[in-house]
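K.L.:
Using the sequences and the hints, build the whole thing.
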Amino acid sequence: MTTPRMPHTGHSAPLVAAGPPLTPERLARFSRQLLMPGFGEIAQRRLANARVLVVGAGGLGSASVPYLAAAGVGTIGVIDSDVVEPSNLHRQVAHGMRDIGRSKVDSIADTVAAIDPNVRFHRHDLRLDSHNARDLLDGYDLVMDGSDNFPTRYLTNDAAALAHKPLVWGAILRYSGQASVSWADHGPTYRDLFPSPPGPDEILNCADGGVLPTVCAVIGAIMCGEAIKIITGIGDLLIGRVTTYDALSGRYRELEYGRDPDAAPITELIDYELFCSGSAPHTAHDDAADRADGADDTIDVQTLSRHLANRSPIQLVDVRELFEAKIVCLPDAEVIPLGALVGSLDRIRTDVPVVVYCHHGTRSRMALDLLQSRGFSNVRHLDGGVDAYATLVDPALTRY
Amino acid sequence: MSSSDAAVVEKAAAEKTAAEKAAVGKAVVEKTAVEMNVHVRYFAAAADAAGSEDEMILMNAGSTLGELKAELTRRYGPDMEQVVRTGSFLVDKVVRRDLDWPVSSQVDVLPPFAGG
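In order, the protein sequences belong to chains A and B. The numbers in the numbering used here rise by one with no breaks, and the one at position 320 of the first sequence is 320. Numbers given in the numbering used here equal positions in the second sequence, counted from 1, plus 400.
Bear in mind the hints are in silico, worked out from the structure with no lab data behind them. A couple of the hints might just be wrong.
Claimed, not checked - Straight-line Cα separation of at most 20 Å, SDA-like style, residue types lysine to any residue; simulated pairs:
(1) B:493 <-> B:466
(2) B:493 <-> A:258
(3) B:493 <-> A:243
(4) A:326 <-> A:243
(5) B:493 <-> A:260
Said to hold, decoys possible - Where chain B lies over chain A, by a calculated footprint (3+ residues, C-beta under 8 Å):
(6) 57-63
(7) 156-166
(8) 188-201
Stated by the list, open to error - Each pair of labels, with its calculated beta carbon distance range:
(9) B:467 <-> A:210: 26 to 36 Å
(10) A:162 <-> B:500: 27 to 37 Å
(11) B:458 <-> A:86: 43 to 53 Å
(12) B:475 <-> A:131: 19 to 29 Å
(13) B:453 <-> A:350: 32 to 42 Å
Heads up, the beta-carbon is just placed ideally off N, CA and C, and yes, glycines get one too.
P.N.:
Next comes the structure, spelled out in structure tokens:
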């Protein structure tokens, strides 16, 4: 099925005015892109004058920030509060072995300086929130979102809309990626595509679901390309369209979307953690009821450690993949990966309490839902997973 | 993008949508008054659950989004049920949350994810 091409909009207005003329050295450096039809020296001066804020120095940040710097974007800010961990390195190629334990913004600042020391780089070693977003966006022309959680994505979208600034966003998981441009003044936004966030444990993240590193590269490069197009005013922007990439088929497919007619206008920044928590604002009475409900099917790591120390009769079920159990595992746990659980229900005991656990608590929540839907009532899942157990109970356990 | 450019885009899009609506209406009327083919496109986890990127699903004319979601869950089980619960369903390129909304000839199913 062919999708008719949208009428070529020609050249959209450039976002950024051209900066001062470039020196011969700079012209030589950028000669291979200055040669392109429709680009030229003025476009290069627009890039030099542009200020781009990137949310997240992870897989997408690694694939976009170095290209922004190399392409000649004059000012780059990066927001991230994480430090580099060994499990980042398979895909976050702006960081290396020597950066383990360093802040990601420090690490990526060095990467940028190695590419072009003329880039003005701003380190924002913090987490974007409703209080700091407005001031942070104020210093930039364009925002790119490669963050790793839904609250930040909705926050970035709303903050960009309120600031009348274009947002280029991308997201990745496993073999799939998506990218689009959200620019409230010119078309639909992220909220028009995803009006309501999934619950906190309903969607896997990269830590629990995995991701192919080259998907980061593809989507991060698409994001950087859109940023360059917006700044310089060339080409057709990904407004009202989302490009999806499937690494297994090698195919890109496009999906068009218009404004959501039921969407409430974006008028202010809200509490995005609450918005994405799966519950509307509610009363203290509801909170108490939630806690009581939660206590029924969730167990914390301290309680579990007491049960294990007392040798209480329980069945521990590890729903991570087999290789993860080789990295670290709780004693006497039975390993049944989440994907195999539905075919292994005969291994779940009904004569003793069952505790399912995973890395961080997302997959075990899914396993709990599955088991409860199949009639298992004496099951709980471990809040925070084996990572919380290693952090809070047994520091000798390997974290990954 | 200048406002005149934006106006051109919006006008072209409006014309295109009107043409598509007319084409869709014609196709349905010509085919049958009681059944319609819905072209469902699956993305990411939805394609994983369905085992394909798209398919035609024959539904009664006037079927609702809720009925399509139930049909998908019936066909593809728990993985698709998860997609149905969390994914966006776009009917004629507009996201619809109302389960009573009538499906048209094209529905796109796009799960969100937040990895970066």
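K.L.:
Now tell me if each hint is right for this structure.
P.N.:
Each hint tested on the structure:
1. B:493 <-> B:466: holds, 17 Å
2. B:493 <-> A:258: With a Cα-Cα distance of about 6 Å, the restraint between residue 493 of chain B and residue 258 of chain A holds, given a limit of 20 Å.
3. B:493 <-> A:243: holds, 14 Å
4. A:326 <-> A:243: violated, 37 Å
5. B:493 <-> A:260: OK: residue 493 of chain B and residue 260 of chain A at ~10 Å, within 20 Å.
6. 57-63: The restraint on the region 57-63 of chain A holds, since 4 of its residues have a Cβ under 8 Å from chain B and three suffice.
7. 156-166: The restraint on the region 156-166 of chain A is violated, since only 0 of its residues have a Cβ under 8 Å from chain B and three are required.
8. 188-201: With 8 residues closer than 8 Å to chain B, the region 188-201 of chain A meets the three-residue bar; holds.
9. B:467 <-> A:210: 26 to 36 Å: holds, 34 Å
10. A:162 <-> B:500: 27 to 37 Å: For residue 162 of chain A and residue 500 of chain B the Cβ distance comes to about 33 Å; the hint holds.
11. B:458 <-> A:86: 43 to 53 Å: Once the Cβ atoms are compared, 51 Å apart, the range 43 to 53 Å for residue 86 of chain A and residue 458 of chain B holds.
12. B:475 <-> A:131: 19 to 29 Å: Hint violated: Cβ distance 46 Å, outside 19 to 29 Å.
13. B:453 <-> A:350: 32 to 42 Å: holds, 41 Å
Violated hints, listed in ascending order, are 4, 7, 12; each of the other numbered hints is respected by the structure.
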